[in-house]
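Student: Below, each chain spelled out in residue letters.
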Amino acid sequence: ETGVTQTPRHLVMGMTNKKSLKCEQHLGHNAMYWYKQSAKKPLELMFVYNFKEQTENNSVPSRFSPECPNSSHLFLHLHTLQPEDSALYLCASSQDPRKETQYFGPGTRLLVL
Amino acid sequence: AQKVTQAQTEISVVEKEDVTLDCVYETRDTTYYLFWYKQPPSGELVFLIRRNSFDEQNEISGRYSWNFQKSTSSFNFTITASQVVDSAVYFCALRANFGNEKLTFGTGTRLTIIP
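In order, the protein sequences belong to chains B and G.
Each residue of the first sequence is one higher than the one before, starting from 10 at the first, in my numbering.
Each residue of the second sequence is one higher than the one before, starting from 42 at the first, in my numbering.
What the hints contain is simulated information worked out from the structure, not anything from laboratory work.
Computed from a predicted model, the values in this text were never measured in an experiment.
One or more of the hints may lead you astray.
Below are the BS3-like pairs computed for lysine-lysine, each with C-alpha atoms no more than 25 Å apart in a straight line [claimed, not checked]: (1) Lys31(B) with Lys44(G); (2) Lys61(B) with Lys143(G); (3) Lys143(G) with Lys45(B); (4) Lys31(B) with Lys79(G); (5) Lys27(B) with Lys45(B); (6) Lys50(B) with Lys143(G); (7) Lys79(G) with Lys44(G); (8) Lys143(G) with Lys57(G); (9) Lys45(B) with Lys31(B); (10) Lys49(B) with Lys61(B); (11) Lys79(G) with Lys45(B); (12) Lys49(B) with Lys143(G); (13) Lys50(B) with Lys57(G); (14) Lys50(B) with Lys79(G); (15) Lys49(B) with Lys57(G).
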């Protein structure tokens, strides 16, 4: 596989469920990102990881918990979500968060019931 | 604070027509990068171009061209001889060259090419 992949592509979950989103990049990049894309809103940056270390948490509620075990993998653990958390969650990677272009995955479309 | 404005929410043109997508930005940084991304119905944001604020030369890539004008803080995108495959949402984005890693996106322009 090449580029940035995300699984699952679609997810429906209840408010009491726990689920995880997975992102994998095959580009040899050092930085990875989670974004949230809601209808009619700009993309919102959620988290930034650089060399597995979290460098930015953009005031994201604690019901979203990121994990970056290595530079190629990024997870977003979800628990007790709200219906307003329904959105497209996009993962991206770049060689360096300060300089380089970010490349995006296809996203996970999440519906919280 | 950074801001990107894409005033055109939706545009529809007939195939083979030219179309220009507008992008206006605000930043206090003296050096920055500007980007355009394409988001087809599949959802993935596809990188199209990155432009450094030092480089005001316009760029052409096939049917795509970009007009960067620092004086008006605009970075417009033109598709020549549009095709149905160009139908997508297009996002303009801005990032400072130093310090803040954050990529600020506009709200996007939905482009529909009518066959």
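Student: Now tell me, hint by hint, if it's right for this structure.
Tutor: Taking the hints in turn, this is what the structure says about them:
no., hint, result
1, Lys31(B) with Lys44(G), "violated (30 Å)"
2, Lys61(B) with Lys143(G), "holds (17 Å)"
3, Lys143(G) with Lys45(B), "holds (14 Å)"
4, Lys31(B) with Lys79(G), "holds (23 Å)"
5, Lys27(B) with Lys45(B), "holds (18 Å)"
6, Lys50(B) with Lys143(G), "holds (16 Å)"
7, Lys79(G) with Lys44(G), "holds (19 Å)"
8, Lys143(G) with Lys57(G), "violated (36 Å)"
9, Lys45(B) with Lys31(B), "holds (14 Å)"
10, Lys49(B) with Lys61(B), "violated (31 Å)"
11, Lys79(G) with Lys45(B), "holds (16 Å)"
12, Lys49(B) with Lys143(G), "holds (20 Å)"
13, Lys50(B) with Lys57(G), "violated (30 Å)"
14, Lys50(B) with Lys79(G), "holds (16 Å)"
15, Lys49(B) with Lys57(G), "violated (28 Å)"
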